[in-house]
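S.K.: Positions in the sequence shown are counted from 1; adding 16 to them yields this note's numbering.
Incorrect hints may appear among the rest.
As the list claims (entries may be wrong) - Distance windows between CB atoms, simulated:
{"hint": "1", "residue 1": "A217", "residue 2": "R106", "range": "36 to 44 angstroms"}
{"hint": "2", "residue 1": "E186", "residue 2": "E138", "range": "19 to 27 angstroms"}
{"hint": "3", "residue 1": "L216", "residue 2": "A158", "range": "19 to 27 angstroms"}
{"hint": "4", "residue 1": "A53", "residue 2": "S130", "range": "29 to 37 angstroms"}
{"hint": "5", "residue 1": "P214", "residue 2": "R120", "range": "36 to 44 angstroms"}
{"hint": "6", "residue 1": "P110", "residue 2": "P215", "range": "34 to 42 angstroms"}
{"hint": "7", "residue 1": "A217", "residue 2": "R182", "range": "16 to 24 angstroms"}
Read the hints as simulated data drawn from the structure, not as lab findings. As the structure is a computational prediction, the values presented were derived from the model and not from experiment. Glycine is no exception: its CB is placed at the ideal position from the N, C-alpha and C atoms.
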Amino acid sequence: MADLCDRLAPAVAQTLWRGDQLGRAAGLSVRASGFAALDAELPGGGWPCQGVTELLCAQAGTLEWRLLAPLWRRLSVDGLPVVLVAPPHRPHAPGLRALGLDERQWVWIDAEASAQRLWALEQLLRSRACGAVLAWLPQVRAAQVRRLQVLAAGARGPVFLCRPARAAQESSAAPLRLALQPGAGWTLQVDLIKRTGPPLARALVLEAVPGGLDGVLPARLRSPAETPAAPVPRTLPVPEWPHVVVRPVARDLRPLPH
17 MADLCDRLAP AVAQTLWRGD QLGRAAGLSV RASGFAALDA ELPGGGWPCQ
67 GVTELLCAQA GTLEWRLLAP LWRRLSVDGL PVVLVAPPHR PHAPGLRALG
117 LDERQWVWID AEASAQRLWA LEQLLRSRAC GAVLAWLPQV RAAQVRRLQV
167 LAAGARGPVF LCRPARAAQE SSAAPLRLAL QPGAGWTLQV DLIKRTGPPL
217 ARALVLEAVP GGLDGVLPAR LRSPAETPAA PVPRTLPVPE WPHVVVRPVA
267 RDLRPLPH
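Model the full structure from these sequences, guided by the hints.
M.R.: Written out as structure tokens, the structure reads:
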């Protein structure tokens, strides 16, 4: 098989993928995750821009922000809009600034019903106007994820679906699925439960200091071995989120009609 591949034209050989190799996402664009260890294990070396990525968390609203914060900052520098579909907490402008983000580039779609969330997400994918999309879908069927994956093939940037951790036991058309858990200290434990390539037997441990602490946390407290063994606070990305609500006016999308 190897000899046959060596005799193929480079343009043809580049489109082939062997199951024991990490996918190269030929012809597809990716966005760096901001974590070198994670990029080394992602097909193409980053978040795919023409496909759905599932983030599976036991509790929505914290870990996904810490994982995606470096990507958000890069998109903010590039001036690309980010759309949130049905976040579990209302976006908080000071919290976004603590992550180094410009809240004027963010759009929040407030949709309660599952059908509303899916409809809004489909329209966003068809518009191809977003730098990235993050949607929280606690209840979604396999056929609906398959439809979103087809639409995401024409997306401009990464498309993330945040789903409950129990969804790991369900089949999904998403080519990339990650399970997130809090690790020791300020780390994230990331399990790649599905990717284009061989399975990853070990979990990745990423240092992901929450926004607002990155610039003030002493180096001695960044090490898991020296960090007090206390539970990770559940409001790390935006500490003031439950108390102050700032909803952009110019870029805001009103809730969909019932």
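S.K.: Confirm or reject the claim that E186 and E138 have a C-beta distance inside 19 to 27 angstroms.
M.R.: The hint (19 to 27 angstroms, Cβ to Cβ) holds, given that E186 and E138 are roughly 21 angstroms apart.
S.K.: Taking 19 to 27 angstroms as the stated bounds, is the beta-carbon spacing between L216 and A158 within them?
M.R.: Since the Cβ atoms of L216 and A158 sit about 23 angstroms apart, the hinted range of 19 to 27 angstroms holds.
S.K.: Check the following: the C-beta atoms of A217 and R182 are separated by a distance inside 16 to 24 angstroms.
M.R.: Since the Cβ atoms of A217 and R182 sit about 22 angstroms apart, the hinted range of 16 to 24 angstroms holds.
S.K.: Does the Cβ distance between P214 and R120 fall inside 36 to 44 angstroms?
M.R.: 42 angstroms, holds
S.K.: Kindly confirm whether 29 to 37 angstroms is satisfied by the beta carbon distance between A53 and S130.
M.R.: 35 angstroms, holds
S.K.: CB of P110 to CB of P215, is that within 34 to 42 angstroms?
M.R.: Holds, at about 41 angstroms.
S.K.: Given the range 36 to 44 angstroms, decide if the beta-carbon distance of A217 to R106 lies inside it.
M.R.: For A217 and R106 the Cβ distance comes to about 39 angstroms; the hint holds.
Checked against the numbered hints listed earlier, the structure breaks none of them; every hint is satisfied.
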